[in-house]
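Undergrad: For this one, chain A is given, so just place chains B and C on it according to the hints.
Residue numbers (numbering that gives the first Met the number 0), protein chains in the order written: chain A, 0 to 334; chain B, 0 to 415; chain C, 0 to 272.
Simulated from the structure, these hints should not be mistaken for laboratory data.
It should be emphasised that the depicted structure is a prediction, and the values quoted were computed from it without experimental measurement.
We treat Cβ as the ideally placed atom computed from N, Cα and C, and that holds for glycine.
One should not assume that every hint holds.
[Claimed, not checked] Using 27 Å as the maximum straight-line C-alpha spacing, the simulated DSSO-like pairs for lysine-lysine come out as follows:
id : chain 1 : residue 1 : chain 2 : residue 2
1  : A       : Lys283    : C       : Lys82
2  : C       : Lys82     : C       : Lys171
3  : A       : Lys31     : A       : Lys87
4  : A       : Lys8      : A       : Lys87
5  : A       : Lys204    : C       : Lys259
6  : A       : Lys175    : A       : Lys204
7  : C       : Lys9      : C       : Lys231
8  : C       : Lys88     : C       : Lys5
9  : A       : Lys87     : A       : Lys175
10 : A       : Lys283    : C       : Lys149
11 : A       : Lys283    : B       : Lys1
12 : A       : Lys36     : C       : Lys128
13 : C       : Lys171    : C       : Lys84
14 : B       : Lys1      : C       : Lys142
15 : C       : Lys84     : C       : Lys106
16 : C       : Lys106    : B       : Lys1
17 : A       : Lys19     : A       : Lys284
18 : C       : Lys142    : A       : Lys284
19 : A       : Lys8      : A       : Lys175
20 : C       : Lys149    : A       : Lys19
21 : A       : Lys283    : A       : Lys87
22 : B       : Lys1      : C       : Lys149
23 : A       : Lys19     : B       : Lys211
24 : C       : Lys74     : C       : Lys9
25 : C       : Lys74     : C       : Lys128
26 : C       : Lys142    : C       : Lys83
27 : C       : Lys35     : C       : Lys74
28 : A       : Lys8      : A       : Lys36
29 : C       : Lys5      : C       : Lys21
30 : A       : Lys19     : B       : Lys12
31 : A       : Lys87     : A       : Lys110
32 : C       : Lys128    : C       : Lys149
33 : A       : Lys284    : C       : Lys149
[What the hints assert, rightly or not] A few chain C residues that face chain B, going by a derived Cβ cut-off under 7 Å, partial list only:
id : residue
34 : Leu60
35 : Trp87
36 : Phe94
37 : Ser100
38 : Tyr101
39 : Asn102
40 : Thr109
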Amino acid sequence: MGKVMLEVKELTTKYITRFKEDVYAVDHVSLKVEEGKSLGIAGESGCGKSTLALSLMGYYFPPLYYTSGDIIIDGRNISGMEPDDIRKTILGREIAYIPQAAMNALNPTGKVINFIEDVVRAHDSKITKAEVYEMASERFNLLGLPPSTLERYPVELSGGMKQRTVIAISVILGPKVLIADEPSSALDVTSQKMVIRMLMDLMEKQVIKSMIFITHELPLLYNVTDDIMVMYAGQMVERGTAQQTVFDPLHPYSKGLMGSIIVPESGSRGVRLTAIPGTPPNLKKPPFGCRFAERCRYVTPECIVRQVEPVETSNNRMYRCIFSEEYLRKAYANE
Amino acid sequence: MKHMLQQVFHSPKFVVGFIIFMSILLLSVIYPIFVTGDPLVIIGKGTFFEPGIYVNVVDGIDSQLYSLSLPDVAEKRIALKLGATERADMKEWLVAFGIPEADIDTEDTEALLNIWNQNYDSKLRLPGMTNARKNYFARLDASIDNLLSTEGIIIASKDPSTGALTEEETIGQSQYINVNRTSNVKVLPLGTDNFGRDMVPELISAIGTSLKIGFIAGSIATLLGLVLGLVAGYVGGWVDDIILFVTNLFIVIPSFVLLILISYSIGQEQRGAVTVAVVIGFTSWVWTCRAVRSQVISLRNRDHVNLSKLSGHSTAHIIISDILPYVASYVVMAFILQISSGILSEAGLSILGLGPKTSDVATLGLMMNWAMIYSAHIMGKWWAYFPVIIAIALITFSMNLMNTGLDLVFNPTLRD
Amino acid sequence: MNDANKSCLKGVGLTKIFGLGKQRCLAVDHVDFDFKEGEIISIVGESGSGKTTLAKMLLGLISITEGDIYFEGVKRDISSQRKKKEYWKNIQAIFQDPYSSYNIFRKIDTVLLDCLVMRGQKDLPAEEKNRLITEACSFVNLKYEELTNKYPFELSGGQMQRLMIARVFLLKPRVLLADEPTSMIDACSRATILDMLMDLRRETGMTIVFITHDIGLAYYVSDSVYIMEHGKLIESGSADEVILNPKQAYTQRLINDVPKIHEEWDLSTVDAR
Numbered sequence: 000m001g002k003v004m005l006e007v008k009e010l011t012t013k014y015i016t017r018f019k020e021d022v023y024a025v026d027h028v029s030l031k032v033e034e035g036k037s038l039g040i041a042g043e044s045g046c047g048k049s050t051l052a053l054s055l056m057g058y059y060f061p062p063l064y065y066t067s068g069d070i071i072i073d074g075r076n077i078s079g080m081e082p083d084d085i086r087k088t089i090l091g092r093e094i095a096y097i098p099q100a101a102m103n104a105l106n107p108t109g110k111v112i113n114f115i116e117d118v119v120r121a122h123d124s125k126i127t128k129a130e131v132y133e134m135a136s137e138r139f140n141l142l143g144l145p146p147s148t149l150e151r152y153p154v155e156l157s158g159g160m161k162q163r164t165v166i167a168i169s170v171i172l173g174p175k176v177l178i179a180d181e182p183s184s185a186l187d188v189t190s191q192k193m194v195i196r197m198l199m200d201l202m203e204k205q206v207i208k209s210m211i212f213i214t215h216e217l218p219l220l221y222n223v224t225d226d227i228m229v230m231y232a233g234q235m236v237e238r239g240t241a242q243q244t245v246f247d248p249l250h251p252y253s254k255g256l257m258g259s260i261i262v263p264e265s266g267s268r269g270v271r272l273t274a275i276p277g278t279p280p281n282l283k284k285p286p287f288g289c290r291f292a293e294r295c296r297y298v299t300p301e302c303i304v305r306q307v308e309p310v311e312t313s314n315n316r317m318y319r320c321i322f323s324e325e326y327l328r329k330a331y332a333n334e
Numbered sequence: 000m001k002h003m004l005q006q007v008f009h010s011p012k013f014v015v016g017f018i019i020f021m022s023i024l025l026l027s028v029i030y031p032i033f034v035t036g037d038p039l040v041i042i043g044k045g046t047f048f049e050p051g052i053y054v055n056v057v058d059g060i061d062s063q064l065y066s067l068s069l070p071d072v073a074e075k076r077i078a079l080k081l082g083a084t085e086r087a088d089m090k091e092w093l094v095a096f097g098i099p100e101a102d103i104d105t106e107d108t109e110a111l112l113n114i115w116n117q118n119y120d121s122k123l124r125l126p127g128m129t130n131a132r133k134n135y136f137a138r139l140d141a142s143i144d145n146l147l148s149t150e151g152i153i154i155a156s157k158d159p160s161t162g163a164l165t166e167e168e169t170i171g172q173s174q175y176i177n178v179n180r181t182s183n184v185k186v187l188p189l190g191t192d193n194f195g196r197d198m199v200p201e202l203i204s205a206i207g208t209s210l211k212i213g214f215i216a217g218s219i220a221t222l223l224g225l226v227l228g229l230v231a232g233y234v235g236g237w238v239d240d241i242i243l244f245v246t247n248l249f250i251v252i253p254s255f256v257l258l259i260l261i262s263y264s265i266g267q268e269q270r271g272a273v274t275v276a277v278v279i280g281f282t283s284w285v286w287t288c289r290a291v292r293s294q295v296i297s298l299r300n301r302d303h304v305n306l307s308k309l310s311g312h313s314t315a316h317i318i319i320s321d322i323l324p325y326v327a328s329y330v331v332m333a334f335i336l337q338i339s340s341g342i343l344s345e346a347g348l349s350i351l352g353l354g355p356k357t358s359d360v361a362t363l364g365l366m367m368n369w370a371m372i373y374s375a376h377i378m379g380k381w382w383a384y385f386p387v388i389i390a391i392a393l394i395t396f397s398m399n400l401m402n403t404g405l406d407l408v409f410n411p412t413l414r415d
Numbered sequence: 000m001n002d003a004n005k006s007c008l009k010g011v012g013l014t015k016i017f018g019l020g021k022q023r024c025l026a027v028d029h030v031d032f033d034f035k036e037g038e039i040i041s042i043v044g045e046s047g048s049g050k051t052t053l054a055k056m057l058l059g060l061i062s063i064t065e066g067d068i069y070f071e072g073v074k075r076d077i078s079s080q081r082k083k084k085e086y087w088k089n090i091q092a093i094f095q096d097p098y099s100s101y102n103i104f105r106k107i108d109t110v111l112l113d114c115l116v117m118r119g120q121k122d123l124p125a126e127e128k129n130r131l132i133t134e135a136c137s138f139v140n141l142k143y144e145e146l147t148n149k150y151p152f153e154l155s156g157g158q159m160q161r162l163m164i165a166r167v168f169l170l171k172p173r174v175l176l177a178d179e180p181t182s183m184i185d186a187c188s189r190a191t192i193l194d195m196l197m198d199l200r201r202e203t204g205m206t207i208v209f210i211t212h213d214i215g216l217a218y219y220v221s222d223s224v225y226i227m228e229h230g231k232l233i234e235s236g237s238a239d240e241v242i243l244n245p246k247q248a249y250t251q252r253l254i255n256d257v258p259k260i261h262e263e264w265d266l267s268t269v270d271a272r
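Here chain A stands alone, though its shape is the one from the complex (with noise of 0.2 Å):
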């Protein structure tokens, strides 16, 4: 077993709406990851996935707040820390975040350099042009990127090429953990297969110590990462790795959720499409019991009334509901 970089304990987050209602996006989510491995979260858009990588980087800012849990990376707990000094001395060189339109976080008017050289004096401000220029140009071409690109302005960058140049310019620090959220949905396929083989690049060159990849599309979660968490209603329904998940769901959700991948293999067409009625709970009010209860085909009243903790299996698996893995197997193979 590797050293752990990121554990996070029963991290739980709030929003807080115009209206002072509170929202609670991650609850209890614990999760672990071990360096040189990558943690997937997959789960429907509302399910808290973009909220918990806000939330693991231990800066909040409205409408999000911090309400209990624990953050540690590296041995370090950063949840009870300043916000200044998470942003100066954690974010970028600890933990390293990247949105979706992370792409559109260039400054149209300056080149890519002078991002970068604010991106570097933010943490040390001796540092010199000429260190900046020749750090970041080493670090490109170790990412495959052509160290011209440091002298171009955004708007002659194509989308794919923008979102590789803010991916290499947030791991300049060589963070311990990386989170990427939907790195790669807003681009096309060979654009996102470029992101995915830089991000790949990055933790087989040890650039980054460790990676936490977000994305609602499961072929490309499956590839990428070791382990898949799989989120519901601001909740951990299920982890196991990659092969497990996907091709052994044991929570009802996972399942439904991996019954409707759709790839272009042979032997996909006129398979029949899983699909989930209903939609996911409202966080303001959160059920009881089970979130997942009112969409769940193997509803029980028991999974209402009682409040289901995550469940640890023999092989190193967690997932959250009252069945046996042997009852929910069975369950599926007689569908």
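TA: Leaving out everything else, chains B and C in the frame of chain A:
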């Protein structure tokens, strides 16, 4: 819709602006109901009477007299007539006349008046003194005449045949009348203007007229801009080209210059308030038109418009039900700004003397114009122009505040 | 299904040029196709390939620069508003973004009522109208009673897209153009929408044209697939033919670059530079 109104009235900026605007509007509507009569009637024979309470002198003498023994009567009387400026002026005259400066003590009222009475000669024109200055000293001399006298004022009646005066009554220094028991008292809170008209009803009627002008001009400009913008944006093609050409023409020619030219060519006699409003309206629709057009262009390719087309709706139906509601919030905001800019345009035109026909109605701009022509600002007659400025500022401020408030509601990106 | 080989929608040399002079942009470049009746067709392309422009030309929402469209063997004529209306009885669409497909100022049931007007059933008795709409709603698993007096923002994306299908169900056009109908909604609702569209085809024999960038989706739903690149149709054929045995390098790359789960996804094929 209801929800939106609720949101609008939750915006503090809008509410403050709305309250200010509504109070001004209500004032201009309600005041004439209680105070009837022509607001432009000339009551003062003379220009720029100061704000104050005016008591009819005959009534004053005729009313019952009360004796009050108050200690500082004489002091107050001297203080009003012989202020620091008057004393300094007297000294200036005396020095120019040839009295050594050291002999003049401006603090000692009695000594000062003595020297003055001994030396002053109203016929004498000192070298370097203008005629106006000379007259001023004559007036000053008259006003301080008998200042220190403790005698009363004698009221005499004249015998119609002989012309002999018979003393009727003496009004002592310590006698008072009760203003409430005097039949003719006129309160002029803001004094009178250059024509001698009471400023208060005049100002309120001017606010009403200006609001009307703003409203008419704003309505015309908004309606014209909206219709042309909708048509140009949605129909496109050569229709758009023509409308855009006209719009650009109006933009290139500064609208104020256009306004001046049109106003001038209409001629003084034909320029009523409504005419001026219409002229302002027809020269200020361009920006609304351009803004609406560009919004419509981005809307016309939206899927809901396509869906409406696929549902077989006519072009008119699509413009009215699928495009108009989306630009409505913007148009409301533009309308508010158009009203306030209409009021400002009128003021600008009137100051230049190109406003509505003088002496027919009062508008805020005309009042400024009159005050300016009669140099109220040079003579320090603040009541003739300052309330007008405040009124214009309050109206435009309240409208801009309402506009900002609406902007915050309709443009979620601006919300904090 | 009707005669399988009967042509439903045919395009000959369809071309669309936007702009003039230097800003001239060839969006669709001499495209020929022949959609057979009752088929599900997918037009696959990346963003900027001109697939949406092609769809809008087929719908008659934008003019055609060059070329002709034949509907059921007859040259399309939409020169007047009346003829357009006639044409739109035969061809309908579902758009990509359910949130912008509705007029947010109108209640959603008006969308369905408009369909009855279009069908010429404006003067039907209220109960009959109600029955028809309820039937359409139940086809897409929605309850009409719950929809009345609601505004679009009160529905979820999936519900809105289903309502769009209900609309098509009411109008029963011969052709349905679905422009990325599932790209803005969740994977779980996606299956529902796709199933409903396939049911619609089964029940009405409608020709459905999918416009999509998702080659997996195209393979899953369609009988024949057209690949578009830079405004040109570069490959077409039955779904199995095109996806499992692509001839063009572009198609091969497109298929290669999509992540898969049973076959290996080879990252080394992309040149990082």
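Undergrad: So, for every hint listed, does it hold in this structure?
TA: Verification of the hints:
1. A:Lys283 - C:Lys82: Given pair Lys283 of chain A, Lys82 of chain C is violated - Cα atoms ~51 Å apart, limit 27 Å.
2. C:Lys82 - C:Lys171: The given pair, whose Cα atoms are some 18 Å apart, holds under the 27 Å limit.
3. A:Lys31 - A:Lys87: The hint holds at about 24 Å.
4. A:Lys8 - A:Lys87: Within the cut-off at roughly 23 Å; holds.
5. A:Lys204 - C:Lys259: Cα-Cα ~25 Å, so holds.
6. A:Lys175 - A:Lys204: It holds: about 13 Å lies between the C-alpha atoms, which stays within 27 Å.
7. C:Lys9 - C:Lys231: At roughly 16 Å apart (the allowed maximum being 27 Å), Lys231 of chain C and Lys9 of chain C satisfy the hint.
8. C:Lys88 - C:Lys5: 19 Å, holds
9. A:Lys87 - A:Lys175: Holds. Lys87 of chain A to Lys175 of chain A sits at ~15 Å (cutoff 27 Å).
10. A:Lys283 - C:Lys149: Since the Cα atoms of Lys283 of chain A and Lys149 of chain C sit roughly 22 Å apart, the hinted pair holds (cutoff 27 Å).
11. A:Lys283 - B:Lys1: Judged against 27 Å, a Cα distance of about 24 Å means the pair holds.
12. A:Lys36 - C:Lys128: 60 Å, violated
13. C:Lys171 - C:Lys84: 14 Å, holds
14. B:Lys1 - C:Lys142: 26 Å, holds
15. C:Lys84 - C:Lys106: It holds: about 23 Å lies between the C-alpha atoms, which stays within 27 Å.
16. C:Lys106 - B:Lys1: Judged against 27 Å, a Cα distance of about 14 Å means the pair holds.
17. A:Lys19 - A:Lys284: Since the Cα atoms of Lys19 of chain A and Lys284 of chain A sit roughly 14 Å apart, the hinted pair holds (cutoff 27 Å).
18. C:Lys142 - A:Lys284: Holds, at about 24 Å.
19. A:Lys8 - A:Lys175: Status holds; Cα separation ~18 Å.
20. C:Lys149 - A:Lys19: 25 Å, holds
21. A:Lys283 - A:Lys87: Given pair Lys283 of chain A, Lys87 of chain A is violated - Cα atoms ~33 Å apart, limit 27 Å.
22. B:Lys1 - C:Lys149: The given pair, whose Cα atoms are some 14 Å apart, holds under the 27 Å limit.
23. A:Lys19 - B:Lys211: Judged against 27 Å, a Cα distance of about 43 Å means the pair is violated.
24. C:Lys74 - C:Lys9: 9 Å, holds
25. C:Lys74 - C:Lys128: 34 Å, violated
26. C:Lys142 - C:Lys83: Violated, because 32 Å separates the two Cα atoms, which is more than 27 Å.
27. C:Lys35 - C:Lys74: 16 Å, holds
28. A:Lys8 - A:Lys36: 18 Å, holds
29. C:Lys5 - C:Lys21: 42 Å, violated
30. A:Lys19 - B:Lys12: 21 Å, holds
31. A:Lys87 - A:Lys110: 24 Å, holds
32. C:Lys128 - C:Lys149: It holds: about 18 Å lies between the C-alpha atoms, which stays within 27 Å.
33. A:Lys284 - C:Lys149: 22 Å, holds
34. Leu60: Since the shortest Cβ distance to chain B is 6 Å, the answer is holds.
35. Trp87: Holds. Min distance 5 Å.
36. Phe94: It holds, given that the least Cβ distance between Phe94 of chain C and chain B is near 4 Å, below 7 Å.
37. Ser100: 4 Å, holds
38. Tyr101: 6 Å, holds
39. Asn102: Check passed: Cβ of Asn102 of chain C comes within 5 Å of chain B, closer than 7 Å.
40. Thr109: 9 Å, violated
Checked against the numbered hints given earlier, the structure breaks hints 1, 12, 21, 23, 25, 26, 29, 40 and satisfies all the rest.
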